[in-house]
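S.K.: Going down the list, the sequences are from chains A and B.
Okay, so the first sequence: first residue is 331 according to this note's numbering, each after it adds one.
Okay, so the second sequence: first residue is 7 according to this note's numbering, each after it adds one.
Since the hints were made in silico from the structure, they are not lab data.
Where a beta carbon is used, it is the ideal one built from N, C-alpha and C, also for glycine.
Be aware that a few hints might be false.
[As the list claims (entries may be wrong)] From chain A, some residues computed to sit far from chain B (all C-beta separations above 10 Å): (1) 416; (2) 420; (3) 507; (4) 525; (5) 548; (6) 572; (7) 583.
[Said to hold, decoys possible] If you want the ones that stay clear, here's a sample from chain A, every Cβ over 10 Å from chain B, calculated: (8) 379; (9) 426; (10) 434; (11) 460; (12) 493; (13) 498; (14) 520.
[As the list claims (entries may be wrong)] Quick list of in silico lysine-lysine cross-link-like pairs, DSS-like style, CA-CA up to 27 Å: (15) A:414 with B:134; (16) A:414 with A:576; (17) B:177 with B:225; (18) A:576 with B:28; (19) B:311 with B:224; (20) B:123 with B:187; (21) A:414 with B:133; (22) B:146 with B:133; (23) B:146 with A:414; (24) B:123 with B:134; (25) B:134 with B:146; (26) B:133 with B:177.
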Amino acid sequence: MNMSAVGAIYRFEMMRFFRTLMQSFLSPVLSTSLYFVVFGAAIGSRIEEVEGVSYGAFIVPGLVMLSVITQAISNAAFGIYFPKFTGTIYELLSAPVNFLEIVMGFVGAAATKALFIGVVILLTASFFVDLSIQHPVAMVLFLLLTCLSFALLGFIVGIWAGNFEQLQLVPLLIVTPLIFLGGSFYSISMLPPVWQTITLFNPVVYLISGFRWSFFGTADVPVALSLLAIAGFTLLCLGLIWWIFKTGWRIRS
Amino acid sequence: MSAILSIRDLQKTYAGGFEALKGVSLDIEEGEILALLGPNGAGKTTLISTVCGITTPSGGSVTVGGYDIITEFRGARSLIGLVPQEVNLQPFETVLNTVRFSRGLFGRPRDDAHIEKVLRTLSLWDKKDNQITTLSGGMKRRVLIAKALSHEPRVLFLDEPTAGVDVDLRKDMWDTVADLKADGVTIILTTHYIEEAEAIADRVGVITRGELLLVEEKKALMARMGRKQLEVQLNERLDSIPAGLAHLDLELAETGDALVYSYDIHAPRTGITGLLNGIAEAGLTLRDLQTRQSSLEEIFVDLVKGDAS
Numbered sequence: 331m332n333m334s335a336v337g338a339i340y341r342f343e344m345m346r347f348f349r350t351l352m353q354s355f356l357s358p359v360l361s362t363s364l365y366f367v368v369f370g371a372a373i374g375s376r377i378e379e380v381e382g383v384s385y386g387a388f389i390v391p392g393l394v395m396l397s398v399i400t401q402a403i404s405n406a407a408f409g410i411y412f413p414k415f416t417g418t419i420y421e422l423l424s425a426p427v428n429f430l431e432i433v434m435g436f437v438g439a440a441a442t443k444a445l446f447i448g449v450v451i452l453l454t455a456s457f458f459v460d461l462s463i464q465h466p467v468a469m470v471l472f473l474l475l476t477c478l479s480f481a482l483l484g485f486i487v488g489i490w491a492g493n494f495e496q497l498q499l500v501p502l503l504i505v506t507p508l509i510f511l512g513g514s515f516y517s518i519s520m521l522p523p524v525w526q527t528i529t530l531f532n533p534v535v536y537l538i539s540g541f542r543w544s545f546f547g548t549a550d551v552p553v554a555l556s557l558l559a560i561a562g563f564t565l566l567c568l569g570l571i572w573w574i575f576k577t578g579w580r581i582r583s
Numbered sequence: 007m008s009a010i011l012s013i014r015d016l017q018k019t020y021a022g023g024f025e026a027l028k029g030v031s032l033d034i035e036e037g038e039i040l041a042l043l044g045p046n047g048a049g050k051t052t053l054i055s056t057v058c059g060i061t062t063p064s065g066g067s068v069t070v071g072g073y074d075i076i077t078e079f080r081g082a083r084s085l086i087g088l089v090p091q092e093v094n095l096q097p098f099e100t101v102l103n104t105v106r107f108s109r110g111l112f113g114r115p116r117d118d119a120h121i122e123k124v125l126r127t128l129s130l131w132d133k134k135d136n137q138i139t140t141l142s143g144g145m146k147r148r149v150l151i152a153k154a155l156s157h158e159p160r161v162l163f164l165d166e167p168t169a170g171v172d173v174d175l176r177k178d179m180w181d182t183v184a185d186l187k188a189d190g191v192t193i194i195l196t197t198h199y200i201e202e203a204e205a206i207a208d209r210v211g212v213i214t215r216g217e218l219l220l221v222e223e224k225k226a227l228m229a230r231m232g233r234k235q236l237e238v239q240l241n242e243r244l245d246s247i248p249a250g251l252a253h254l255d256l257e258l259a260e261t262g263d264a265l266v267y268s269y270d271i272h273a274p275r276t277g278i279t280g281l282l283n284g285i286a287e288a289g290l291t292l293r294d295l296q297t298r299q300s301s302l303e304e305i306f307v308d309l310v311k312g313d314a315s
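One chain only, chain B, in its complex shape (with noise of 0.2 Å):
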């Protein structure tokens, strides 16, 4: 596979001074899903902008299917979709016209079939001949979805695409997003919601401040990052940590009767054969045990606390 997305050295300051890109470089392959975290002013929505041509880059280069965004413009923007993070739509344009006018934009022919078979998908197919300003506002979040896929776009960016939106809605664009990929189109989608990026996403890109702190593949990262917990479930209820057990990183649940031990999987030793030789001698009996992995989104807020420390 080859990169069909190539950002170098992108960097953005503002007129006012701040510096929302602080020379991100990074390399998106062809029909992948790199979801991109980070808190709010990271600057996600300046590096989408920047590729997409609606900031001026300060700095850098990127190149979109072998097209530069400044030279090449045309060759560039045509692969490139874009949803934006705001509902911005003009309120009295019905949904077929508004869908039809970003084909035209974009520069491709006329094809009814196609934009039927977008409004079909995003079941909007029924609304097609009303005004934008009379739907709800997860139907106007599908119609900017419509619009950037009226063109087939080769790069797909979302910018939050599931902010404000009710779950059903959150899961037919993940449906969406899925045989999108199968037609292997390569999606960059910017969130807040870390289950987002755990549910679709190939690789997972952490940005703050300006910075993209790592791009990882989505399993190795929660595999490399991820802490497990093991929580040992007593028939005792206990009012203290056993003596015995004091030198482990162990919490006593707050009924007594569990202890939850906290351990990092890639360590040379995780301490459980100690933990629970320790739960012998201190004379305790197992009712049951149960092992968790963190989720992506405390492996986030971890990152983002390490790096503001």
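The following block holds chain A by itself, in its conformation from the complex (with noise of 0.2 Å):
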């Protein structure tokens, strides 16, 4: 295991996040306040309670979320693209270091940048709710797991995107309709049967039901359930990278 290699691909990419640790630090604290004046207060008000808890509180779960989903996914996917851009992926390609190695380093440090955006926005949350975790041990794997896993979808949008516009679309297009319709902002006892059925189909349900059960002690589905879904997308994710390497689809000819 070469694992000078792995910290020197970890420090570079956590020194790109602290060059621009303003950016990093405050768009989240923005856009988590916007949530919190728009759902909280705005619409909150008008929902005293979901599933015993106050509004407000009930979507902070699904805002840490949907955060740290799209960070995780777009911080892994540019630092692997960015040096299939500039050229400079030939280093990577023939240094002494194997796929896991390389992994470890990009996903480590996009998951890394995530969680820190995940404490900052928990951070924020509790200056306008009221917040208990219930089962704290639970809140950190979920969360870990889930910086993880979507960092490894995220190195594969980055081998996968031959441009820039192709790295915001599985972002854009695929994982926020997800999140959105994935119980960040209700929960899905709130919806007709028909559509609680369908939204059983949609992955990010689990890990947001399973996130939420760590704060409040209930879920949409059993905890089991989402670990078990959470687990086998990271292994998913990790099948697939590992075929990328093996085959060099779009890194190696």
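Join these two chains into a complex; the hints should help.
M.R.: What follows is the structure, encoded as structure tokens:
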């Protein structure tokens, strides 16, 4: 295992993050505050409680997931796409590293950034609502797995993308709708029965449900199913990346 | 001396069906400088990319320092430094960070003293905190070299290192290459500039259309392939070559006061005595004599032309 290479990639990626720390920090704080103003104050005042939790607090897990997932994807996608774009990928390909080490460096850094953003949002949210976390260990586990699995997905997106537009395509066209329709801002039980069934095909539902359970102890789907779903998703992404490096798809001719 | 790089029947066919390498075999001795010459699209870069792991070979085998590049890629790649042809750098990083990154990537522990030495040698130390994007083209090329040297490679590939580089920098690079050779580093460079190969290489290989036409000691190649020219300057001006000399391979200079005779130094008879006798018989008197050896460039052009016909 070339841990020195993993560390080099990780540090290099994190440096980019620290260079733009203010942007990285300000934008989630601002958008979280906006969500609270719009959903929490304006709409939330008309929805008293959801499943025994104030609406303002109810949306916190969904908000954290929304940002963590988009940040994990876009950071990992950009991280590996940029070397492809500038041509510096030659160095990764010619270095004594295997696919796992490259992935650990890039995905590790992207997941760290996403985790940082998630924590910032949680802290921001705690200024607006009273937050209680019933299952802190599960909460951390769900958060970490989400950061990791979506950073893996982002890594795949970055390798697949042929230009900057495509880099935005997956997050914008697929992931954001899935998150919004995945129960970030409502409980699935609030939907008509047909839609409840359809929603169960949305993988993000399992994530948000499990994450919300760790806060309030209530869930749309069984917690074990949530964990299973995210573990399965992580393995699927890992398998895809393994195949990408084995075949050299879009990176090695 | 033993071969540090051993290439056996290396083949590369790209997905589109293009055969970039048609079975190249080559041994490179430790500590030598080999220049690979060849026209654009000859397969020089594919050869380097394949050895370095950027391109997957379609057939054949390569070992670097005894390590197979596929099954023992860690051992092989740790020994190799690569300076690519394109100036591929992350624009917003600083020089120091990007060079340190390379060292870490190749599994070497942090060594600030070594990085400083490399940057100073390449006159980059003053620029170490500059963003890459603020550097001139020549400086960026130096950064590429610094990255390749950051992890102390035993084999260095330079893919057209001096393309688009001014004369000063080119001389600097030649000096750097000489220093590396003195440290025992094996260097393989591709170039369009024949004078570069002539100036620094020990051996020269010529590639065209995916095949290695020859690999030879530079001096032997020049001696073997070299045609010489003898320029005979006359005290008289001529309108045409005298009849007594017409059978020789002669050209009359435009000014009319010199004859240029081309001959093969390795032929049993060079014909120089006959030429001089003929000149005397024609009643001409000599003002000066001058011989000239053909350069590698001329040899190269001849070779590639010969292959094309």
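S.K.: Looking back at the hints listed earlier, which ones does the structure fail to meet?
M.R.: 1, 2, 7, 9
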